[in-house]
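Given the structure of chain A, go ahead and fit chain B onto it with the hints provided.
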Amino acid sequence: MISIWFFIGISLAVNGALILSAGIYQLVNPPLHPGVVLFNLHAGVWWGAVLLVLGLVYCFKFAPTRRS
Amino acid sequence: MTSLLAAEVPTRLVHLSPVDVVIVVFYFALVLSIGWYLRGRANTGEDFFMAGREMTAWVAGLSFLSANLGALELMGWAGSAYQYGILATHWYWIGAIPAMLFLALVMMPFYYISKTHSVPGYLKLRFGEPSRALSAVSFAFMTVLMSGVNMFAMAKVMQIVLGWDINFSIWVSSITVAIYVTLGGLRSAIFNEVLQFFLIWAGALLIPILGLYEAGGWSNLKLQIAQRASEQYVHLWSGLGSFTTNPMGIHWTGIVFGLGAVISMGYWTTDFLVVQRILAAKDIRSAEMAPIIGAGFKMMVPFIVILPGLLGLAVLPEKLVPESIAAVTGGHSYNDVLPLMLARYCGPGLLGLGVTALIAGFMSGMAGNVSAFTTVWTYDIYRPLINNKSSDHHYVNMGRWTTIIGVLISVGTAYLVMQFASIMDYVQALFSFFIAPLFGTVLLGMLWKRATGAGGFFGLLCGTLSSIGMWAWVKVDPTALRYVALSPHAKGLAQDMYQALWSFIVCVVVTVAVSLATKPMAEVELTGLVYGLTTVPSIGDVPLYQKPLFWAAIVVVVFFILNIVFW
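So the protein lines, in turn, are chains A and B. Position one of the first sequence corresponds to residue 7 (the working numbering), numbered consecutively onward. Position one of the second sequence corresponds to residue 1409 (the working numbering), numbered consecutively onward.
If you're looking for bench data, these hints aren't it; they were derived computationally from the structure. Nothing here was measured: the structure is a model prediction, and the numbers come from that model. Be a bit skeptical, because a hint or two may be false.
35 Å max Cα-Cα, derived DSBU-like pairs, lysine-lysine [unchecked claim]:
1. B:Lys-1797 x B:Lys-1857
2. B:Lys-1727 x B:Lys-1857
3. B:Lys-1630 x B:Lys-1927
4. B:Lys-1630 x A:Lys-67
5. B:Lys-1523 x B:Lys-1727
6. B:Lys-1523 x B:Lys-1883
7. B:Lys-1955 x B:Lys-1797
8. A:Lys-67 x B:Lys-1797
9. B:Lys-1955 x A:Lys-67
Excised from the complex, chain A in its bound form (with noise of 0.2 Å):
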């Protein structure tokens, strides 16, 4: 059977890499009215960089073919 934290990696992974994507578009092509406060900071980038890699370590560590 896979394994729950399988899904938990897929669903970091995917979720990080649209969220990272979308920080990456917006820190390239900065809108003129943001509509967040901090958008300096640019939390998109780095919170879907921090998502995707855990979701790939789970992915990896919890891949079915690495279980019996």
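Relative to chain A, chain B alone:
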């Protein structure tokens, strides 16, 4: 009803970008995929209702906590923190940690050894059929109401934040929950709850981090709250010496004895919604470790729930008001503080994850209610009272149909709860009705062998009726609050604390009196059910760091440190 809600709704807070929509849609696709993947592993009663009793301590523990991370936790308590300040944290610390540890170390062995399917099932073994029937019916009633509260809260958030139609939100979430629980049973609910636990943290953690950055750290935040509200908003205990020196209008006796000793004990040790997750553990050590793991994470939840409410007090430009005033003025209520903070900090992508965290929280609570309702209906109402001669396959099918029917009843309930001004007060009242007396009954059943079947039944009945009676008394005559809550200055939550305390006492007194007046039960009938007549199985020869007692001690130390730091 719909037009009434539409009139209450201000302009939507945010607009989702395409990447946000993709994140939300991906979440729904993933939870449905998990349900579909697990559909072949829910063919027997043990699989469908008890997840095969093969969950590890971590999975059971995170699921145990996640089932509680519903609408109340995420939105209601953030709103309560804005309204009452850091006092709301009591519901996470003294109102949860001692009870979770008590469940792990004292009560869980009896639940686990008896191999019961449910808490009402334990009452059947200990006190007989009448106690089970009373408990099962009241639990089923409470559960569908709770599920309705979850749905209502979720739909309100989606309406406020995104402008989604309330009916759309209710039906999409409820149909999704119905599909994945019907397909995979409790195992599917547990797997999705663990996933939702991670999403809740991933989506909500940025708010306190960025909020503290904006406020200039904890010390500056306290100063700003003191200027905009009161210094007492950041003290856990120092204002509880009197009913009039804290925002909640409660005395420390209500927090310690009403919340800490009765309501939280009742909820965390006898509410089948959460206990069911622990009963699915694979062995006795996992069953004991799971609530301790849950307690460790529970202590951290205020960081993503209470702190955003406090930050709202300091950084939001507008002043939030009670639900009833917001409905008239078109402004934002206390319960909107979390979505407002989300909109304040989260741009494209992060916003989608934050919204997903809210949806995940609501759905985990809803799925928890539905799966617990299904088990209690099938095993504690349908099988003993209606049809006790059918096959295991028949009961599994009944469980699947009950899941769908339970969701439909919850949808109907969601519309009913809209008439109540405060979601939180309403649910607290429900807890007081059923949970506090049930805790008295189960506790005496486990620890006092002299308690008899008649004692258990009449104690539970009188405790529940006394709680409903006190609630009705204050509803009809609000001045009765001075008697129920010991002060005319007490507010809603304080009333619930004392109401629970009195109903617990009524339950215990009646149980003891009736038991002493009736014939004792034979000790052979009580083996495996009562302390002193039960040999608790050993967890085995494991190293210190694998012993539940060791981790419970660490949790206790951290618990005391936190309470002293925020005194």
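Pairwise hint evaluation, Lys-1883 (chain B) against Lys-1523 (chain B), where the allowed Cα distance is 35 Å at most: 41 Å, violated
Lys-67 (chain A) and Lys-1797 (chain B): Cα distance at most 35 Å? Violated, at about 47 Å.
Do the alpha carbons of Lys-1630 (chain B) and Lys-67 (chain A) lie within 35 Å of each other, as the hint requires? 42 Å, violated
Holds or violated: Lys-1955 (chain B) with Lys-1797 (chain B), Cα cutoff 35 Å? 42 Å, violated
Are the Cα positions of Lys-1727 (chain B) and Lys-1857 (chain B) separated by 35 Å at most? Roughly 55 Å separates the two Cα atoms, so the pair is violated.
Would you mind confirming whether the straight-line C-alpha gap from Lys-1630 (chain B) to Lys-1927 (chain B) stays at or under 35 Å? At roughly 60 Å apart (the allowed maximum being 35 Å), Lys-1927 (chain B) and Lys-1630 (chain B) break the hint.
Within 35 Å, alpha carbon to alpha carbon, are Lys-1523 (chain B) and Lys-1727 (chain B)? The given pair, whose Cα atoms are some 52 Å apart, is violated under the 35 Å limit.
Pairwise hint evaluation, Lys-67 (chain A) against Lys-1955 (chain B), where the allowed Cα distance is 35 Å at most: Measuring from Cα to Cα gives roughly 26 Å; hence the hint holds.
CA of Lys-1797 (chain B) to CA of Lys-1857 (chain B), is that 35 Å or under? Within the cut-off at roughly 32 Å; holds.
The structure fails hints 2, 3, 4, 5, 6, 7 and 8 (numbered hints given earlier, in ascending order).
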